[in-house]
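Chain B: place on chain A using the hints.
These protein sequence lines are chains A and B, in that order. Reading the first sequence from the start, the letters are residues 331 to 439 in my numbering. Reading the second sequence from the start, the letters are residues 47 to 161 in my numbering.
Keep in mind that a hint or two might mislead.
Said to hold, decoys possible - Within a straight-line C-alpha distance of at most 25 Å, the following computed BS3-like cross-link-like pairs (lysine-lysine) qualify:
id	chain 1	residue 1	chain 2	residue 2
1	A	K399	B	K125
2	A	K333	B	K149
3	A	K399	A	K333
Claimed, not checked - To be clear about the criterion: a stretch of chain B counts as covered by chain A if any three or more of its residues have a C-beta under 8 Å from a C-beta of chain A, and this derived list gives those stretches:
id	stretch
4	92-106
5	115-122
6	149-161
Source of the hints: derived by calculation from the structure; they are not laboratory data. All residues carry an ideal CB built from backbone N, CA and C; glycine is no exception.
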Amino acid sequence: DAKTTQPNSMESNEEEPVHLPCNHSTISGTDYIHWYRQLPSQGPEYVIHGLTSNVNNRMASLAIAEDRKSSTLILHRATLRDAAVYYCILWNTGNQFYFGTGTSLTVIP
Amino acid sequence: SQTIHQWPATLVQPVGSPLSLECTVEGTSNPNLYWYRQAAGRGLQLLFYSIGIDQISSEVPQNLSASRPQDRQFILSSKKLLLSDSGFYLCAWTPDLGGRSEKLFFGSGTQLSVL
Chain A
331 DAKTTQPNSM
341 ESNEEEPVHL
351 PCNHSTISGT
361 DYIHWYRQLP
371 SQGPEYVIHG
381 LTSNVNNRMA
391 SLAIAEDRKS
401 STLILHRATL
411 RDAAVYYCIL
421 WNTGNQFYFG
431 TGTSLTVIP
Chain B
47 SQTIHQWPAT
57 LVQPVGSPLS
67 LECTVEGTSN
77 PNLYWYRQAA
87 GRGLQLLFYS
97 IGIDQISSEV
107 PQNLSASRPQ
117 DRQFILSSKK
127 LLLSDSGFYL
137 CAWTPDLGGR
147 SEKLFFGSGT
157 QLSVL
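Here chain B stands alone, though its shape is the one from the complex:
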């Protein structure tokens, strides 16, 4: 069966520090991968999505970046965190079914507090 792993669960970082959040999917190949962010009391904002290795699309311009060095690994990074980067970060995946609608599966999330 397929599983998604996301870590760390919580993170407290000072303003201006770098960030690296990692997500891996097991039990499938060539998944579509997503990074979402949820500010406190708000809905989910799509940040990045990827349909393959080194194929990243950005939805919102900001000081975050994403990379996909391996088929089932998705990394969210920042060189210098801002206070506004605080939030609940979620990784998600769907199978690539060539256009058929399929479920979106989420990881357990990372609660990031930038102080």
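Isolated chain A (complex conformation):
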């Protein structure tokens, strides 16, 4: 299964934008890029996913590099409730959702 690489931790000030990077240099042409986040003592929740084009939803935006070897999850205005571990995952037909260790985001008031 294709691997993703994320920084272990990041910090952001409240109400500022946050850019969470993910590298996936071995991505295949049919791999979808998924992002999930996990609050303490809870199961992960879906944030966003995409294939080739940038995606926006009410939670975040996903910017996908033209060569698809990297992507960035963008939180437009960080709040304290956005403090969580963010996971970048590649998914393809017949494969499963393999989670790495993710990026632990700290939001500073």
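This is chain B only, laid out in the frame that chain A set:
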């Protein structure tokens, strides 16, 4: 709407005792079902997944087993727990869309402490 139920929320078991964790999904049919485990301070490890009744795939060989006796019921079991089985166990599901990418939905988890 679809919901996923997982119980119990917390469990403390002695080493060598059996384990049974249950997960059910409502509001959908033929979901893909998953069991994950998260050790303290670690990422999620996929343990088992199932694409249908009695169709179970194991990702990691260990003293755990999974069963799917009904379409929307997924059970994680062990005959004899080890200290290393402690962790946060999560059940999850996705719709079966024949290859289209879809969201993974998680239950609220079971915190298992083996003493």
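Violated constraints from the hint list, given by number and in increasing order: 1, 5
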